[in-house]
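**Student:** Listed in order, the protein sequences are those of chains A, B and C. Number 4 in this note's numbering belongs to position 4 of the first sequence; there are no gaps in the numbering. Number 1 in this note's numbering belongs to position 1 of the second sequence; there are no gaps in the numbering. Number 341 in this note's numbering belongs to position 341 of the third sequence; there are no gaps in the numbering.
Rather than coming from a laboratory, the hints here were simulated on the basis of the structure. Cβ coordinates follow ideal geometry from the N, Cα and C atoms, glycine included. Hints are not guaranteed to be accurate.
Using C-beta positions, here's what the derived DEER-type ranges look like [as the list claims (entries may be wrong)]:
hint, chain 1, residue 1, chain 2, residue 2, range
1, A, L22, C, G178, 43 to 49 Å
2, B, T86, A, L120, 50 to 56 Å
3, A, L3, C, T90, 24 to 30 Å
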Amino acid sequence: MHLVLFFIFGGLCVAGALNLLLQRHPINSALSLIVVMTSLAVLYLLLGAEFLAAAQVIVYSGAIMVLFTFVIMLLNAGREEKTHGSKAAYIVGFPGAAAILGVLAYIFLKQSGNLGSAKLGEYLVTTSDLSRVLFRDLLLPFEVTSVLILIAILGAVALARKGHE
Amino acid sequence: MVPISYYLVLSAILFSIGVGAFLIKRNIITVFMSIELMLNAVNLTFVAFAHQWRHVSGQIFVFFVMVVAAAEAAVGLAIIIAIFRTRNTLNVDQVDLMKL
Amino acid sequence: MESSIWIFLLLSVLKVAVVTVILLTAVAYTVLLERKVVGRIQNRWGPSRVGPFGLLQPLADGIKLFLKEDLMPSNVYKPLYIAAPMIALTCALISIGVVPFGKEVFVKGVDIFQISDINIGLLVILGVTSVGVYGIALSGWSSNSKYSLLGSLRSSAQLVSYELALGLSLVGVVLRAGSFRLRDIVDIQSTHGLLSWNVFGGLQFVAFFIYLTAAYAETNRAPFDLPEAESELTAGYHTEYSSMKFAMFFMAEYANMITVSCVATLLFLGGWSSPFGNLLPAWGGPVVQALLPVFWFVVKVFFFLFLYIWVRGTLPRFRYDQLMGFGWKFLLPVAILNIIATSLWLAYRV
Chain A
1 MHLVLFFIFG GLCVAGALNL LLQRHPINSA LSLIVVMTSL AVLYLLLGAE
51 FLAAAQVIVY SGAIMVLFTF VIMLLNAGRE EKTHGSKAAY IVGFPGAAAI
101 LGVLAYIFLK QSGNLGSAKL GEYLVTTSDL SRVLFRDLLL PFEVTSVLIL
151 IAILGAVALA RKGHE
Chain B
1 MVPISYYLVL SAILFSIGVG AFLIKRNIIT VFMSIELMLN AVNLTFVAFA
51 HQWRHVSGQI FVFFVMVVAA AEAAVGLAII IAIFRTRNTL NVDQVDLMKL
Chain C
1 MESSIWIFLL LSVLKVAVVT VILLTAVAYT VLLERKVVGR IQNRWGPSRV
51 GPFGLLQPLA DGIKLFLKED LMPSNVYKPL YIAAPMIALT CALISIGVVP
101 FGKEVFVKGV DIFQISDINI GLLVILGVTS VGVYGIALSG WSSNSKYSLL
151 GSLRSSAQLV SYELALGLSL VGVVLRAGSF RLRDIVDIQS THGLLSWNVF
201 GGLQFVAFFI YLTAAYAETN RAPFDLPEAE SELTAGYHTE YSSMKFAMFF
251 MAEYANMITV SCVATLLFLG GWSSPFGNLL PAWGGPVVQA LLPVFWFVVK
301 VFFFLFLYIW VRGTLPRFRY DQLMGFGWKF LLPVAILNII ATSLWLAYRV
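Just chain A, same shape as in the assembly (with noise of 0.2 Å):
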């Protein structure tokens, strides 16, 4: 059962994920980012992080990827042009990319003992337990962050208006 869940909701993360690369509307890149997050919510889920698959879909398809659609529709972003990037990009980029996948997925997979396994309903973290550690002992590094979403909320406002003169 886990493993059939695993599969479909990963299968569909990556297929939203290959889907973004090769789209090039930005709109349809955004929908399959939305998809790739909104699965990724599953998998948290069957990880036993409950609240944190609902603040997934809350704030990251519910919130960050409708700020996204937003934009794309004010500016009307058309299809994008086809341009070749830069060189290092190709000859540095891909092939770096593709050996980080390659060494991670090797030591993961050659490790997977070690790292034993999950089961379903065997693990949950409920909300109040999350909440006892963030507002008890990681209280000053939450708080930070309010300072950091003000800034961002004055700078956003800064950047975004009309003109200076």
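Got chain A; can you put chains B and C on it based on the hints?
**Tutor:** Leaving out everything else, chains B and C in the frame of chain A:
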């Protein structure tokens, strides 16, 4: 039963696709989206390791990554709008002047 | 072991089917109710020709919409144009899946009054609602028409802004119950009848007001129906849609209304609990005992639906800058103050 390594490999695949998209894509919004994809891939690793160690810290990390990603998206998209307003293009290749 | 899984699956599918049918029927009759009540408010009859008291009107409307020609405007972006109404309707229908309609009653180990009981029920509803924005946003963009685009831009901005106030208004309720599980939230309100409901005994009337206002904006209903303001935008984001695709948007709007009413009932009016608490003696057999809570639930949901229609018939539409100002400068600060007040009250009560 799914080995944790499967989750880690999946996240490695997503991360590499994100790197690839970051390098190929010319539209600045799509480039930005591939960064989000990479962040998500890393988040999956954190959650998988949190499950392996039976420890909440990994999930707390993801929580903070989400907060930072939200702030980053807001500022980043504002920058994109500002760029579009001054240069009238979204192609990263054409945004190569420090000053107009 | 094997057979019990099959029974579980079968009963679950049956539950989903029954709830979907009931929800869609409720949608159809909410439309009729709205036309009737708004008609009375405006001193006219409303639909009265089809069937007794116009009761068959939804059926006639359905047949009409189904048989109409499905126009495909020439310059639309096809895949998204077709997908958008489906996204809207799907998201509107999904969130009913976590709503409990009555006390837990198990038949063969399956709870018959709730499709799925999960720990993060409230968050799931919020999440699904926030994904529903895409239906509206994409429909406007893919229609390639200025009215649609303006309508959908307005509406996505409006939905994202009011989602904040909506989410924050629920924090007080969640604090009091200490859980996101909808059954826990209702259980804490069902001890003393009316007096322990969140809106009265839980001192969440401010949150209740914020929730209702934000929910009206979330469902694009009057007085916040700017995305489809007919006097300036023709019909907003669904200007270019016809036939079944239009019907999907229409059904999505009313299904969202019903979900919002269900959630308001669960969170603020004590869900299925009776307003008299334990004052009334228990009577009737087990069947009555199981169905009575459902009756109370339906009555409360009906009250909210009526309120929706009443508000629509009474209040004029907001201007767009007023709408944004109201959301950001009034509802949001008040919601935050409410959270502070509620946490202080919960921390210092004896």
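**Student:** Each hint: holds or not?
**Tutor:** Evaluation of the provided hints:
Under the hint 43 to 49 Å, the C-beta atoms of L22 of chain A and G178 of chain C, about 47 Å apart, fit the expected range. Checked against the hint of 50 to 56 Å, the C-beta distance between T86 of chain B and L120 of chain A comes to roughly 52 Å, which is consistent with it. For the pair L3 of chain A and T90 of chain C, the supplied restraint of 24 to 30 Å holds, since their beta-carbon distance comes to about 27 Å.
Against the hints set out earlier in the document, no violation occurs for any number.
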